[in-house]
Amino acid sequence: MHIAQTRLSIATAPREIKEITAEVARWTERQRISVGLLTLYIPHTSAPLLIQENASPDVRRDLDAFLPRIVPENVAPYRHHDEGPDDMPAHIKSALTQTQLSIPVTDGRLQQGIFPLEHRASPHCRALILTLVGEEEEPARRSGERHCSG
Amino acid sequence: MHIAQTRLSIATAPREIKEITAEVARWTERQRISVGLLTLYIPHTSAPLLIQENASPDVRRDLDAFLPRIVPENVAPYRHHDEGPDDMPAHIKSALTQTQLSIPVTDGRLQQGIFPLEHRASPHCRALILTLVGEEEEPARRSGERHCSG
Amino acid sequence: MHIAQTRLSIATAPREIKEITAEVARWTERQRISVGLLTLYIPHTSAPLLIQENASPDVRRDLDAFLPRIVPENVAPYRHHDEGPDDMPAHIKSALTQTQLSIPVTDGRLQQGIFPLEHRASPHCRALILTLVGEEEEPARRSGERHCSG
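These protein sequences, in sequence, are chains A, B and C. Take 0 as the starting number for the first sequence in numbering that gives the first Met the number 0 and just add one per residue. Take 0 as the starting number for the second sequence in numbering that gives the first Met the number 0 and just add one per residue. Take 0 as the starting number for the third sequence in numbering that gives the first Met the number 0 and just add one per residue.
Same shape as in the complex, but just chain A:
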């Protein structure tokens, strides 16, 4: 068993949902872990992670349009608005989505596309900490896969 850890810095445009799959996959593959678990962690409470289909940009746009409908972006109901009217809504959206994700690595590869969701109105430099735990060799004890029947 091995553990590897790194910190990436990602420049995000305002409210951009930025795809970072390629960068994360490249680092992961360099660690030569065959079977493992990659944990992504964003040490910011106003830029949660979002795992979604990377096929359709419409999915991203619809998600981006949905969140302000349930989390209003105005100063009125909030006490905390030190960094502007988008500050507290960003914290709430973070609490409703995710700041951490653990994704399986199988045959040396990640199982899914990942992109962070940028909830602030201004551009930011976001940190992303990757921690990978796993085996270099395929474990012999790996059990057989099962499929849906009928």
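Keep in mind the hints are simulated off the structure, nothing from the lab. There could be a bad hint or two in this list.
[What the hints assert, rightly or not] Computed beta-carbon distance windows for the label pairs: (1) 13(B) - 57(A): 20 to 30 Å; (2) 10(A) - 21(C): 28 to 38 Å; (3) 80(B) - 63(C): 31 to 41 Å; (4) 84(C) - 71(B): 17 to 27 Å; (5) 107(A) - 71(C): 21 to 31 Å; (6) 78(B) - 31(C): 49 to 59 Å; (7) 81(B) - 106(C): 22 to 32 Å; (8) 121(A) - 21(C): 30 to 40 Å; (9) 17(A) - 106(B): 34 to 44 Å; (10) 106(C) - 17(A): 19 to 29 Å; (11) 122(A) - 73(B): 25 to 35 Å; (12) 25(C) - 13(B): 47 to 57 Å; (13) 71(B) - 120(A): 20 to 30 Å; (14) 136(B) - 56(A): 44 to 54 Å.
[As the list claims (entries may be wrong)] Not close to chain C: a few residues of chain B, all C-beta gaps over 10 Å, as computed: (15) 6; (16) 10; (17) 13; (18) 17; (19) 20; (20) 21; (21) 25; (22) 35; (23) 57; (24) 61; (25) 73; (26) 79; (27) 82; (28) 122.
[Unchecked claim] Here are a few chain B residues that face chain A, going by a calculated C-beta distance under 8 Å: (29) 33; (30) 78; (31) 94.
We put the beta carbon where it would ideally sit given N, CA and C, even for glycine.
Once you have looked at the hints, place chains B and C on chain A.
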């Protein structure tokens, strides 16, 4: 330390909240990990996981009734509706709930009931990837438990 | 690679958002893991975890005020109200936030403040299970950090 990984396939009925605790617990116990961490991952963005009490089916029904109240199921506000009017609402519900969960294993047993939440209107075959990391023997360094006082 | 696990008990006041960073950090540092991953798990479905800034208490108050706006606290729409009108709303808030979190440990230290979100109207004794996986020594294979440019 060991790692074990498998893929289960689960047939879900439309909008079914399907209990999969027994299947997951059976695989986990076969790995003979005494102290560890089991990570469940659903590589679909329209069928998140949900950990809830397995006591009351009313809890499941109420959850199922709540989500459409905040995530409307109609084509109007969404750009993405390639797979029908329940497609984009399922993605949004996924973003608001969870697609991955890590549950402690103590004395060889899982700590909680698990079931996936099926957000689509039609039946699906869902994959679930299990990754278990842990020790076969109880570690000597395990520290004493603490309890609430007063 | 090592694994360590413990169970903390936390007394929470009604709807209190209780900071538990100091207790969690103290246990983590005692394990002498240099690089690792700490997973916090609350085996209750009505007291999810919340990672937020520990700077401003206004952030916590605003979050606490926001959730009842989208999750109404009355018996009317729910079937499940065995433990009172705040029972089912607490389950829904749990499903919308998080019950588990994995936080990186770097140079023997946790990367973020943590506090559980108490969703019930009455005081409770909450369990919190900590599982730490990691290496005592810094791995040589740790790769260089990258920073935002421009």
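Legend entry - Earlier hints that do not hold, by number: 5, 7, 22, 23, 24 and 29
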